[in-house]
Amino acid sequence: MPNAPRKPPVTASWSGELLWPQDLEDGDVIDLSGVQALGSWVLAWFRTHPGRAVTRASPAIRRQLVRSGVTVVWVDPTPSSQSGVLAAERAMLLGGES
Amino acid sequence: MRLLVVEDEGSIRSALARGLGQYGHRIETASCLSEARALVAKRHPEALLSDLKLPDGNGLDLAEEIGVPFILMTGYGTFDDAVRAMRLGCHDFFTKPVTIKEVCRALDHLAGRRAGGPTVVDAAQDGRLRLTHPTASGFCSQTLQSCTVAWADAAQAKAAFAQLHDVVPALPHRQVAAELMQTTSQGRLVVNLHDDLWSAWLDATVIWSQAVDCRMLLEDLCRRCLWTKDGALVEYGHA
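Protein sequence lines, in the order shown, are assigned to chains A and B. Residues 1 to 98 in the working numbering are what the first sequence lists, from first letter to last. Residues 99 to 337 in the working numbering are what the second sequence lists, from first letter to last.
Simulated from the structure, these hints should not be mistaken for laboratory data. Be aware that a few hints might be false.
Just so you have them, the derived chain B footprint on chain A, three or more residues with Cβ under 8 Å [what the hints assert, rightly or not]:
1) 4-17
2) 38-49
3) 62-70
Below 25 Å or equal to it, Euclidean Cα-Cα: the simulated DMTMM-like pairs (lysine to aspartate or glutamate) are [claimed, not checked]:
4) B/K151 <-> B/E126
5) B/K151 <-> B/E162
6) B/K256 <-> A/D28
7) B/K256 <-> A/D76
8) B/K199 <-> A/E25
9) B/K256 <-> A/E17
10) A/K7 <-> A/E25
If you want the ones that stay clear, here's a sample from chain B, every Cβ over 12 Å from chain A, calculated [as the list claims (entries may be wrong)]:
11) I110
12) A136
13) N156
14) G173
15) T193
16) T197
17) E200
18) A255
19) K256
20) G285
21) D311
The beta carbon of each residue, even a glycine, is placed where N, CA and C say it ideally should be.
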């Protein structure tokens with residue numbers, strides 16, 4: 001039986017100072033490039049939404065997430081000088097198949 | 099002010115004694131805990147300036163024994179040392195090298211706090227207040243901008259937070275305020291911005307079951323934290 005076509009991962013982009021609880025867009029990948037600050041309520045969000053892929057966080061935000069121990073998968077953006085599909089991209093897109 | 103300086107390194111000890119003496123303080127010096135204890139019994143110092151690590155013990159232990167306002171210095175200070183010092187009522191905590199000017203400024207603040215004397219208040223043109231406290235060695239002047247907000251539930255806390263925006267311009271400060279206000283059922287927060295020091299007083303019951311991440315974040319964001327013995331955050335500052 002042929003495999004059903006995989007849906008591309010949904011990327012949610014968050015931005016601003018996330019200091020107070022608000023509705024957050026969910027996605028397979030969370031782009032944190034526009035986020036200036038994360039309140040601890042966001043850490044609680046990650047605990048209730050485990051396994052999200054997180055990308056483009058600033059060093060401070062990354063440190064905060066790592067230190068909090070929330071379960072996220074770090075996805076580093078592809079360097080622009082490289083072409084083609086990297087193994088990590090392929091793994092993310094295809095759910096671990098290579 | 100009668101000040102006991104405890105420092106094991108002779109050159110630093112004599113420089114502090116000479117420099118602080120020029121600002122009008124009466125200085126007694128000791129190089130270790132045993133010397134310090136002997137001087138305390140004879141001279142009854144009003145304040146203590148001590149190195150953290152001494153040949154025969156720890157400056158924090160001495161401060162706890164003496165029970166006078168104290169300032170600590172250390173060459174190898176850790177955040178945990180600073181938190182313990184603040185818990186014991188340490189007025190200020192310096193990582194060496196320290197300057198005479200820095201220590202004098204801390205002593206002036208300490209003296210002003212002890213005296214609780216009259217304060218001269220001038221309104222500056224930008225709406226801030228200039229406070230002048232009489233101290234042992236002259237006057238201590240601060241520019242103060244203050245804001246008090248109160249809330250009775252989460253919705254009010256968020257609305258009250260918006261009022262802080264003008265007084266708390268820097269993001270780490272706003273983040274600390276937001277974290278504190280979210281982990282309380284009701285309360286009052288007083289935020290002061292004076293010269294280069296931002297400080298706040300929280301009058302509230304913190305819901306610690308909701309505050310695990312908050313507490314960690316506060317420790318990340320704050321250079322100074324003061325916790326009561328039962329774990330409530332009562333004062334913090336961020337230079």
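Quick rundown of the hints versus the structure:
no.: 1; hint: 4-17; in the structure: violated (count 1)
no.: 2; hint: 38-49; in the structure: holds (count 5)
no.: 3; hint: 62-70; in the structure: holds (count 3)
no.: 4; hint: B/K151 <-> B/E126; in the structure: holds, 19 Å
no.: 5; hint: B/K151 <-> B/E162; in the structure: holds, 14 Å
no.: 6; hint: B/K256 <-> A/D28; in the structure: violated, 30 Å
no.: 7; hint: B/K256 <-> A/D76; in the structure: violated, 34 Å
no.: 8; hint: B/K199 <-> A/E25; in the structure: violated, 52 Å
no.: 9; hint: B/K256 <-> A/E17; in the structure: holds, 14 Å
no.: 10; hint: A/K7 <-> A/E25; in the structure: holds, 18 Å
no.: 11; hint: I110; in the structure: holds, 35 Å
no.: 12; hint: A136; in the structure: holds, 46 Å
no.: 13; hint: N156; in the structure: holds, 29 Å
no.: 14; hint: G173; in the structure: holds, 26 Å
no.: 15; hint: T193; in the structure: holds, 22 Å
no.: 16; hint: T197; in the structure: holds, 30 Å
no.: 17; hint: E200; in the structure: holds, 28 Å
no.: 18; hint: A255; in the structure: violated, 9 Å
no.: 19; hint: K256; in the structure: violated, 5 Å
no.: 20; hint: G285; in the structure: holds, 16 Å
no.: 21; hint: D311; in the structure: violated, 3 Å
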